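Line order of the protein sequences matches chains A and B. For reference, each letter of the first sequence is one residue, going 312 to 641 in the working numbering. For reference, each letter of the second sequence is one residue, going 134 to 555 in the working numbering.
Everything labelled a hint here was simulated from the structure, so no lab data went into it. All values derive from a computational prediction rather than experimental measurement. C-beta: ideal position from N, C-alpha, C; glycine also. Fair warning: there could be bad hints in the mix.
What the hints assert, rightly or not - Label-pair distances were calculated between CB atoms; the ranges are: (1) A:PRO333 x B:ASP193: 15 to 25 Å; (2) B:GLU265 x A:VAL639: 23 to 33 Å; (3) A:ASN560 x B:LYS251: 24 to 34 Å; (4) B:LYS207 x A:THR466: 34 to 44 Å; (5) B:GLY525 x A:LYS440: 41 to 51 Å; (6) A:THR478 x B:ASP165: 24 to 34 Å; (7) B:LYS215 x A:PRO585: 39 to 49 Å; (8) A:VAL639 x B:LYS151: 24 to 34 Å; (9) B:GLU509 x A:PRO585: 35 to 45 Å.
Claimed, not checked - Covered stretches of chain B (chain A as the covering partner; in silico rule of three or more C-beta atoms under 8 Å from a C-beta of chain A): (10) 242-251; (11) 514-524.
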Amino acid sequence: MKKRGIGVGLSFYGTGYGNGFPDISRAIVRLLPGGRIGIYCGVTEVGQGAKTAMIQIGAETLGVTEKDIDLIHEDTSLMPDSGTAAATRQTYNTGNAIKVACQNMREKLFEKAKVELGLNSTAGLALEKGEVVLSFFPQKRISFKRLSEIYKDETIEAEGEFVAQTTTMDPDTGQGAPYWPYTFNACAVEVEVDMNTGIVNLLRAVFAQDAGRAVNPHLLEGQMDGGFAMALGYTLFEDLKLENGVIKNNRFSKYLIPTAMDMIDVENIIIEDPENTAPYGAKGIGEPVMIPIAPAILNAIYNAIGIRITELPVTPEKLMKAIREAEVNN
Amino acid sequence: MKLNIVGKNIIRVDAQAKVTGKALYPQDIYLDNMVYGKTVRSTKPHAYIKIDISEAEKVDGVLKVFTYKDIPNKNAHGVVLKDHEAFASKKVIRIGEPIAFIVAETQKICEEAYKKIKIDYEEIPAVFDPVEAMKEDAPKVHGDSNIIYHFKLRHGDIEEGKRKSKYIVENIYKSPMVEHAFLQPEAGLGYLEEDGTVVVVIATQYPHYDREEVAINLGLPEEKVKIINTNVGGAFGGREDISAQIHLALAAMVLKRPVKVIFSREESFLAHSKRHPMIMKYKTGADENGYLQYMEAEIIGDSGAHCSWAMNVLRKAGVHATGPYVIPHVKVDAYAVYTNNPYTGAMRGFGATQVPIAHEQQMDALAEKLGMNPIEFRMKNIFRRGSMTATGQILTDSVPLDRCLEAVDERFKFSQLWKEVK
């Protein structure tokens, strides 16, 4: 016999190192030969899409396309420290540092353009498709490429730094502002529980994630799918079989994680509500996307069979044991 | 604000290299005159050790076997507390702790030498249960106490919260230790540049942190250490602590030849941190109108043999223990505890992934007692703009949780289905 149930899970997630610890990101922007823009920044691409998102924030601020930017983020001798690729902090923190650096770079480019265009002031100058343009008399314009040729013996660069704001909590009461900003989400799932085998199958899932603003909606949805799959493994499969300090399941033939066959098409919804202190309003979502899934599944299992499972993972063995115990108690 | 690039579905700039196999990971990189390394790891959870490398060093093709005696400066690293030894010196505290690093001309010779390493383990009582480890008479992993950290959250008045609660739900929840299971097991290279700069090529989450640890352990100024961060085959928190960086830098510096190491999947399971398992005791109360009145939680997190991020993780668990709900009276005690288990550290969600397993089931259990739809009950209590968290923080800006929940309810037809079933 199979029983179906629905469940919901919610979460909030404080991004950044938090608790008043100095959380600093830095970036350097440089005009490169050919008018390309180099962004030097210790941001790590761990698969989350940071490289693309950082380039998009830089391109937006400098009025160029993503193809005009080189992100140099591999070598510690070439790039400033931007903190760790963790704590859901790169989009917000390092994104802000890149935005500030690009805004400072814009001023540097305006100064050079003022000289080359014979202007009295930088007022009215704007950036447009790789050119500095006097917005109310657009015939007055000069390209980044031309500037890079004229100033080939000079480094035109600007720095940017962003320091996140949190406070240290009181050690006796925990009162304080430990994280900022917070990201929110909600997920609902429908499951089917096989009462004879203890196997839980997911039938349907709707997942809404607050992003402040989505820098790249497809990448964001990729993160939501990935977070969902990871949470699915956490909830139903993953078991190290830890005994007296020994990991018994130490390879993927024994340590089961979800495959594509276990995943379902999650209906992802991106909720945008730009955060004032964030670059273009974008908050981090990397970690939160895995959080509300486990509770939604657990609540759906309860809704299906009337048994509350309080210990993960909900393996078939564990669920069958709980079903048998409930039968005995009834 | 009109935006041109932000908000666009630009194809990820690293996609083509990754899907065509052109992207380089440390394992893919070969250097002239390169030799190979292999880490010797503890097979016992708690033991005094004596190491004999003499037979292994006699194997033809072995350049050197490094141990704690070869560390030039500080044999200690760690993201918060420096409680990892680069090589165990006197005592091992977990299975998998590095003891030695064999460097030989080929990987095959490394394996041969590995069999000739003699480690004499004098086993001592170990502790694997964090609740046991908190007791005074438990075996100690480091120092005098296994309790690394105690986070306290006190908001409002718990007794008043209990008085105002018509319905109270109490439960104990347990979450497991799990593995990051990233696609690319750890690998790396170390080599020297002409000016003596030590270079480590590795896939890491934080190259500047790695540089600092390598410099401190080797006694070099930071500008004489360079970290090259290659493509990273997934991380999820598992590449925040040091893995092979110090061993590679040391071997390259001493032998003046490029050295490469590749962990097998089984070694990768042993080498990096895991997710903190947590025991979460919860009591949550609501009044007759469905408003949350109080929540009391005790959370015990198993840090295993090293601290790594234990304080930060248990702090994060404690701050997020309420879930996204306004609760006037809150008491949370969260503890991080050493055991002789594999060490735990950062993993996606960092303590905030564990607590919703508890608070969200508490919400449903309360909604059931109140005879309410779980979404209707949550809507009464969720954070909105201007809400105060249990730490006293005001959520002043972007707080669209109501919109998230409404969107899910509408698309899923949750409330409608709930009504039909009832």
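Here is how each hint holds up against the structure:
1. A:PRO333 x B:ASP193: 15 to 25 Å: For A:PRO333 and B:ASP193 the Cβ distance comes to about 52 Å; the hint is violated.
2. B:GLU265 x A:VAL639: 23 to 33 Å: 30 Å, holds
3. A:ASN560 x B:LYS251: 24 to 34 Å: Hint holds: Cβ distance 29 Å, inside 24 to 34 Å.
4. B:LYS207 x A:THR466: 34 to 44 Å: Check passed, 37 Å falls within 34 to 44 Å.
5. B:GLY525 x A:LYS440: 41 to 51 Å: 48 Å, holds
6. A:THR478 x B:ASP165: 24 to 34 Å: 53 Å, violated
7. B:LYS215 x A:PRO585: 39 to 49 Å: Between B:LYS215 and A:PRO585, where Cβ atoms are some 41 Å apart, the hint holds.
8. A:VAL639 x B:LYS151: 24 to 34 Å: 52 Å, violated
9. B:GLU509 x A:PRO585: 35 to 45 Å: For A:PRO585 against B:GLU509, whose Cβ atoms are near 29 Å apart, the range 35 to 45 Å is violated.
10. 242-251: violated (count 0)
11. 514-524: holds (count 4)
When the structure is compared with the earlier hints, violations turn up for hints 1, 6, 8, 9 and 10 and for no others.
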